[in-house]
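Novice: Single-letter residue listing:
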Amino acid sequence: MIQVENLSKFYGSVQAVSGLSFEVKKGEVLGFLGPNGAGKTTTMKMLTCYLPPSSGRATIFGFDIMKDSMEVRKRTGYLPEKSPLYTDMRVGEYLAFVARLRGVPGDRISSSVEMSVEACGLGSVFVKSIGHLSKGFQQRVGIAQAIIHDPELLILDEPTIGLDPKQIIDIRRLITNLGRDRTVILSSHILPEVNQVCGRVIILDRGRLVAVDTPDNLREKLRKFQVTFVVAASSGGGASTQDILGGIGGVTGVRETAREKGASTYRIESVPDRDLRNEIAVRLVSAGVPLLELRSEEMSLEDIFIQLVTEEKN
Amino acid sequence: MRKFLAIYSRELRYYFRSITAYAVISIFLVLSGYFFFSIFRFYNILSLQAIKNNDFSGNLNLVDGVMRPVMGNISVILLILLPLLTMRLIAEEKKQGTFELLLTFPVSDPAVVAGKYLSALTVYAVMLAATLLYPVLLMVFADPEIPPVLSGYLGLFLMGASFIAIGTFFSSLTSNQMIAGVSTFGVSLLFLIIGWAAPLAGPVMSAVLSELSFLVHFESFSKGVIDTKDITYYLLLTGFFIFLTLRSLESARWRS
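Protein sequences, first through last, are from chains V and C.
Counting along the first sequence from 1, when you hit position 159 you're at 159 in my numbering, and nothing is skipped either side.
Counting along the second sequence from 1, when you hit position 39 you're at 39 in my numbering, and nothing is skipped either side.
Note that these hints are calculated values from the structure, not bench results.
Backbone N, C-alpha and C fix where the C-beta goes; we use that ideal spot for every residue, glycine too.
The reader is advised that the hints may include incorrect statements.
Quick list of in silico lysine-lysine cross-link-like pairs, BS3-like style, CA-CA up to 27 Å [claimed, not checked]:
(1) V:LYS74 to C:LYS223
(2) C:LYS3 to C:LYS94
(3) V:LYS25 to V:LYS67
(4) C:LYS95 to V:LYS135
(5) V:LYS74 to C:LYS52
(6) C:LYS3 to V:LYS67
(7) V:LYS128 to C:LYS94
(8) C:LYS223 to V:LYS67
(9) C:LYS3 to V:LYS74
(10) V:LYS128 to C:LYS95
(11) C:LYS95 to V:LYS82
Output of the computed footprint for chain V on chain C, the stretches with three or more beta carbons under 8 Å from beta carbons of chain V [said to hold, decoys possible]:
(12) 11–19
(13) 91–98
All chains, full assembly: derive it from the sequences and hints.
Specialist: This is the structure we're talking about:
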């Protein structure tokens, strides 16, 4: 549905986005992930027809973002970073205003305002002035204006920034709901968020695409080693426990990370794609070391992200 | 057209909901009322003296004696107040970031500019209409000539329309309202007084300078002469700055 080919953007001599190519399928929730200044916002500004690309092309629903920009705009909803709103207007009034500008037919304006107020839970603040709302409600108004014309594509730039934890959960749930029957692109530098909400992730760094895949696949592909934590009773012979663990085939490193109340915690690094928990348990128990806890650790998106971004730099 | 109306009515509501419109209109009325009062009072004394003094050869009539000086003063008040009305039009939205969102809506630039320009023009029309009280007062107590008053008002309206176009343009150039306001004031003042340099210049340049002047073109309106040349001048100037505004919006996208 969205095809981006070799998209680049220069601000003067600074290259914000370089040679970006990707595709988005209908109904997908795609996350842009990257540190500040990675080109997430610039890419979104180009896709929403606000900024013209310096080179390359992008089509959305088959319409070129430059040549048929009005067609693209009609079908796209956009929430810019920091959700700029007319603070002097009331919520209902503002949504009706946006509906008119988005080209919703006159007889359907009130029903589409109702729909988006319903979807974003704005009923209680409908007649309030936007400037008097809390940041969380303002963010919802921002999302409400983006979905007012029931767009097929929703582009949200850092939709949860500056919100408190409860509001973040609310907004994420809202985005997940909206993503059921729409294509959504959102940007974030909060990794768990992308992990929860997005079906696919594009990792950007300094204007370039570093990786694109599902969060699970990214984890799988980039896993260099498996980490397992073991907590065992330290019966005086702590060193011998370490030796037992080190002797297991596939283990590449063992480190005691904590010792308290007669229990020691060991961090075991081993080759990927092999679950050693079974063998660790059997070995320890047969050696007479009481096993208190055993768990393998998933590599988080954070680890992947940091790994990718630092690999890039080297 | 619907989109233009949406923007126009939003802008108009902004002016009247925030105190902007009321502040500008009331200050305008206080100042123009003060000028009307003092000029009328002066005319009053002058005419009393003319009655006592049989040799008085001056030409006393309400249009030349009251309305023309009042309108001349109004044009100076407009010079100061209209930039305050127009400086926010685009600059404020740029600062708040709402302009970015507005430009991603399926709305053409001309609809945005027309909505904003005409909303300021409407506020101006309201405040100018309020000053019609002065000639009405004159009509109650005396018998002024009506046509020159009406043509004078047409002239003032056209002049204000040009000021507002200049203001819209400068507001589109920056996200700083102060800079937009000051530039509008400076350029408008220049257009107002550029004719003063005419006597100093050579024959060709002198004609150019005086033809560029707001005051020279306003002169004939206030005398009761409606010349297509003067109407064309104001309309061209207004159109020119609106055109520049559209160019500035377009280039802002390319430059950024």
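Novice: All hints are to be evaluated individually against the structure, with a verdict given for each.
Specialist: Structure-based check of all given hints:
1. V:LYS74 to C:LYS223: 52 Å, violated
2. C:LYS3 to C:LYS94: Within the cut-off at roughly 20 Å; holds.
3. V:LYS25 to V:LYS67: 22 Å, holds
4. C:LYS95 to V:LYS135: Roughly 19 Å separates the two Cα atoms, so the pair holds.
5. V:LYS74 to C:LYS52: 76 Å, violated
6. C:LYS3 to V:LYS67: 21 Å, holds
7. V:LYS128 to C:LYS94: Cα-Cα ~24 Å, so holds.
8. C:LYS223 to V:LYS67: 52 Å, violated
9. C:LYS3 to V:LYS74: 13 Å, holds
10. V:LYS128 to C:LYS95: Holds, at about 23 Å.
11. C:LYS95 to V:LYS82: 12 Å, holds
12. 11–19: holds (count 4)
13. 91–98: It holds: at least three residues are needed, and the region 91–98 of chain C offers 3 whose Cβ sits within less than 8 Å of chain V.
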